[in-house]
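A.B. asks: Taking my numbering, the leading residue of the sequence shown gets 2, the next gets one more, and so forth.
Keeping only pairs whose Cα atoms sit at most 25 Å apart, straight-line, the calculated SDA-like set for lysine to any residue is:
#1 K209 - S262
#2 K56 - K132
#3 K46 - S15
#4 K132 - R95
#5 K260 - A222
#6 K152 - I241
Label pairs and their calculated CB-CB ranges:
#7 E94 - K34: 18 to 26 Å
#8 P143 - G297: 25 to 33 Å
#9 V300 - K156: 16 to 24 Å
#10 R292 - K34: 55 to 63 Å
#11 S262 - G58: 19 to 27 Å
#12 P29 - D166: 38 to 46 Å
#13 P143 - A22: 18 to 26 Å
#14 A49 - G148: 22 to 30 Å
#15 I48 - Q302: 42 to 50 Å
#16 R289 - P29: 58 to 66 Å
#17 G104 - P238: 33 to 41 Å
Keep in mind the hints are simulated off the structure, nothing from the lab. Please read all numbers here as calculations on a predicted model, not as lab measurements. Here a beta-carbon is modelled for each residue, glycine too, at the ideal position from N, C-alpha and C.
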Amino acid sequence: AMPMIIRGALIQASNVKNPAADISKMKPAEVRKELAAIKEAMIRKHIALIGEAAKRGARICCLQEIFFGPYFCVEHDKRWYDTAEPIPGPTVERMRGLAKRHGMVLIAPIYETTVPGVYYNTAAVIDSDGKLLGIYRKNHIPDVEPGFREKFFFKPGNLGYPVFDTAAGTVGVYICYDRHFPEGARILALHGAWIIFNPSATVSGLSKYLWEIEQPAHAVANGIFVGAVNRVGVEPPWNIGKFYGSSYFCNPRGKIIAKGSEDRDEIVVADLDTDQVKEVRDTWQFFRDRRPETYGDLVKQLP
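Take these sequences, add in the hints, and give me the full structure.
C.D. replies: Shown next as structure tokens:
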């Protein structure tokens, strides 16, 4: 049986190694070497942070969106395609080893490639024994100013909204821009997720006023916990704004129960009482009172 109290962790972190501002003079081999160094620096940073989360007793831990580098979708540059990996692949294999070593469920969002030329924004879900349970591919792909030009880099997800039966119970994953769409969160909850993790990359000027509205609303509408993760810092050479951290857990009543700072690398830890899911749903009964037969327009291409 799933334990009643599950300690969760969210890791927010600034990028370690900035890309070169002017790559036009670099040879292709030099560019690939630089990209590999950027990734390796960030992976090593996260290995240490994951170890720290384990020391603090976390049984499930979620990293930020495309955790192994900067948020590169600001520019239309094909060089970033070379940072994508298959799943399973080198980074996910390292994360599997960490999950097993620490006995911790790990959600590791990376840039995924399948066949040549096809790329997804993906999260791998790894159980506490190191088994790769599956992946979620970001479904909603933005093209939003300032600098969130993801349609150049990612094909929309083709796996729907899977849930994952982990040692910490059934969990769902939603990635960044997905959080603006209530439909997928509802599907994840109906399929048994007691928590939805949302690894993100978002800057102050754009979405901050929504950050603590939409996801607590998902929590309330569905009687679930939410773990929302955002990176921190300004990322040269683009400097599109400040990634404002503020990663948090909220409970099924929509109350934020643990929250990170706006500007520091941090591990946000909370004890999540899974009994609250039943307690809140028994009170509000939104699932009982749903009227799916009246929602047909949701699956038509309107207007």
